[in-house]
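J.: Residue numbers (the numbering used here), protein chains in the order written: chain A, 2 to 372; chain B, 75 to 473.
Accuracy of the hints is not assured; some may be wrong.
Unchecked claim - Derived, one-sided and incomplete: chain A residues facing chain B with beta-carbon distance under 10 angstroms:
#1 Leu205
#2 Ala209
#3 Asp297
#4 Gly298
Unchecked claim - In silico PhoX-like cross-links for lysine-lysine, where the CA-CA straight-line distance does not exceed 25 angstroms:
#5 Lys346/A x Lys355/B
#6 Lys323/A x Lys363/B
#7 Lys175/B x Lys295/B
Just so you know, the hints here were simulated from the structure itself, not pulled from any lab data. Just so you know, even glycine gets a beta-carbon here, dropped at the ideal spot from N, CA and C.
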Amino acid sequence: MNNVHGMVFAYQQFPELGELGTYRTAGAMPFCGRYRLIDFPLSSMMNAGISNVDVLMQLGYQSLIDHMGGGRPWNMVRHSGGLHLMPIGIGRAPFTGTMDALEAIRYHLTNDIKEEYILMTRGGICANLDFNAMVEAHFASGADVTAACTRQEPLRHVAHNRFVLADDGVTASELHCRQVDASHGGVVALATYILRRDKLLEMLDWCAEGNRTRLHRNALLHFMSEGLKVNVYMHKGYARFIGSIQDYYEANMDMLNPDVLAQMFPEERPVATRARSDVSSYYGDAARVVDSLVADGCIIEGELERCIVFRGARIEAGAKLKNCILMNDAVIGKGATLTNVITDKSVTISPDTSLAGDAALPLVVPKGRCL
Amino acid sequence: MKKQCIAMLLAGGQGSRLYALTQDMAKPSIPFGGKYRIIDFPLSNCANSGIDTVGVLTQYKPLQLNSYIGGGTAWDLDSSSGGTYILPPYQTAGDKGEWFKGTADAIYQNIGFVDLYDPDYVVLLSGDHIYKMDYSDMLAVHKQNDAACTIAVLQVPMAEASRFGIMTLGEDGSIVKFTEKPKEPDSDLASMGIYIFTWQKLRSYLIDDAADPNSDNDFGKNIIPNMLNAGERMFPYRFEGYWRDVGTINSFWDANMDMLSPTLINLFDRSWPIRANSPRKIPQYLGPKAEVSHSIITEGCHVCGTVENSVLSSDVTVEEGATVRYSAIMPGAKICRGALVEYAIVGENTVVAPGARVGAPPDGSESWSVATCGPNIRIREGGVVAPGAMIYKSEEVSV
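Just chain B, same shape as in the assembly:
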């Protein structure tokens, strides 16, 4: 079936810097911002942008992600003429087949999938960013420029530019140079990891790249530089608005805290809904002694203690006498009476037993950072998880 534009979503990465949270699930399926998982943002953006066909490339620990995405119904991405498709690595004739070697190889191995829809354009997305963006507007700019590739860019403070992939523009406004994490950046336009390609162009570069034994088969390292070197028309799409990469514990925690400020990103806006595949839960119950302020709470929560400046996913229990401050608590976690959780991330279904203490407020020292407890563990009674610690086994908890 002929489509003008489909999306390919790279969701196979491990998210190794979040390792306590990604032991058993890929980064895109990590709970975020109360109601959501990270992948809800690109999927909802696709649906809101009128893209009805999305290929989701999975590789690392995809089981939760597969189950979460299902048929794409939760995002209205289940049209009979399109839909959401999970694309794992697969076996080929002669008992061959292999893992995706890099981001470009992941798309290369799925050329056959893209060709099923014979699209004019492909939107390439990743599953680790929090933002709201209208890809149809970006596509209009791509077409207007008659570009082979359009890269969404965000203006960042010059001091931070060396953390990003930086675009340098020529006089005609096209991209003339792309440098991954430059030591001395000559521009402040950072790549957001969101690309639109004219499919037939990309297709031929992917085939050439796959034939090059020295390639890393990576978009940033190989495909984009190769296209630039060949003089393809490549343009930036300037984005102004909230966008965060949540690849590290601190940036993940920061972005969760950002959800408490509707001026940064307004999730209440019904004209651009971010949808989630939410479990069936009853309304949140706040008990007779609950004290909740400046916080986000989700259905299924049972709060009898104190919650301040925090983000609670669905089904979280905060018992009477427990306190949660400046923390992100994931679905099903339980904070027992007398426990104190501050400046922390608590994983799914983890129990913080009575009197345990997780994290602490910043003390001004260099070494301070957010404390992280992985999913499905028990922080024992009276146990302590120090600031900056990343715990993913119950045995690791010190007393």
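Bound-form chain A, shown alone:
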């Protein structure tokens, strides 16, 4: 994929992520025991042989930058090109749309990037997209733009962009922006597009003229009305947007379904993440762990049922956890009982503490807190 340049918009922060989103963007959300959501687009790029990738960030990007480093896990450390972290924060108002963000890197887009095609995606989507297939479909179809979409209905009725398919099942005949339900029909856009760089620049010019900042509501709607041919590439596996605590909790719990897990981590499209050199996990004499995903580096003496446990957790004897997500380095004291709880990184729960949220409203213990 030497002629395709990758671009990941990783600046989105969602108030609905509550305290989990205080320190991080949606792309930096820890996921499934050892990943962050940004690992999925970066790995999809890696697996399609796209090694020149820009990551646009604006605020709250510290954990993202810390996580990606030079891009070694995704084979993006290159003498020229490779992973290009672009924190565009100081002196700019918060981006109001994708075109606004692109405007901020107009020089780079015009002069530095040599590839003819741009594959752009977002950092807060939970899906393992096959960019190889998507790019091939784009080249084969001759469309101006190919949009990745899913038939999976969103977990929650927040606004999504939907493409209505023509009778051929591939061409997008209409675009409905910010639909809160499926009343207009159509399939949900995964905010992932491939198109020629010069076409993108043409859209950017048009947007700049009228102070327009939105990719869907401005650029795509206008250009489609002028005859822009948009094709849909249907992603067949699991796909979720992570925009709220509820989304986050449910998507993690979905990974306990072996079929979903296999869709997110297919052998042919491995997901790479930052290495941490943890030892294998140890299960003690009294451990009882069922229906759970556990990363390396954990010491588990207690009981877990339907839990996602990130690296380096300590679960002491007699602790009972059910339907919980424990991010890195949690310490759960003896006899503590946790149900429907998300502990952020480095949380310590004292012995015999009892905490419970609801499956519909999990309790979040913020980063570094000792209870």
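Based on these hints, arrange chain B on the given structure of chain A.
T.: Frame of chain A, contents of chain B only:
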């Protein structure tokens, strides 16, 4: 580039006593302790000790080892001013060149490599020991003694001393005698196979040794005795801590079981990380009916059966109704439903088919020992691998 100290790691041995596991790979690349391969220990010790240049001498079946070590990135041994270098035997002018004849010859043939770094000292290591050691502390002792050679020693029970290379010390604390596996040992200080040499001294002994047609070109048999006879300053470095030679099936199995006891060797200690070149795997999944206790499990494992007192490497599958007890299971192995694996070592990607049985608990008899299945084989449905058996072909499995 001038270095104070580099390490040379002898990784060319066959490990013939582990033959079911070493048919296709050198001993240092055998999976160990869940996450690791044996060579991770010396490599991580080097990185943690501040040694950034390591030559790895390979000879026997090195392909997996080469691929595993790569550029040394996994151990942070990929600095632009040093790095990890695989050193196989090589051809020389006039179509000559030959295999490494012994451990000393392996270093002799790579004098040119060591000289590239012009080091004051060389740490000589081997790829078959499990331990955590700070070589920089040993080097400080070496310098303090103004020694030509420092040998790491471990105090062993006198009854076991005849299994080791034994050091006898003089009044000044220096080594005066070295005996390989003495019948009647006069000391309980065993060599750990870890040496520091002052390079210019070692260099000249290697050249002399290479010119001696009667030499075995071996450190233990030739270089160390020659240096002692010549009156070189040689000192022990006393090590207290966990150290195991994993050269036999039983010692390999024992050491794997030791990993279940953090009081013996604490691998969770972040201040001395043992790193591995781990494959990209998802977290371990424990199914609704999994029963796991006193065990180590690694990423990529899928456990729906029973696992007790065992060590599972990455990507191991234990199906519902399968049982694994007191065993070390290597990466990618699959234990199918109804299979029972006890007191055993199961090699990489080996399948223990439904209802098969591998190994058995100790029965008190002399002949009992751990059962071993080599890599990439299939223990057929209902097949039996008896205690003490070493199987490396699928056809060998009795029904």
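J.: Of the hints given before, which are not true for this structure?
T.: 1, 2
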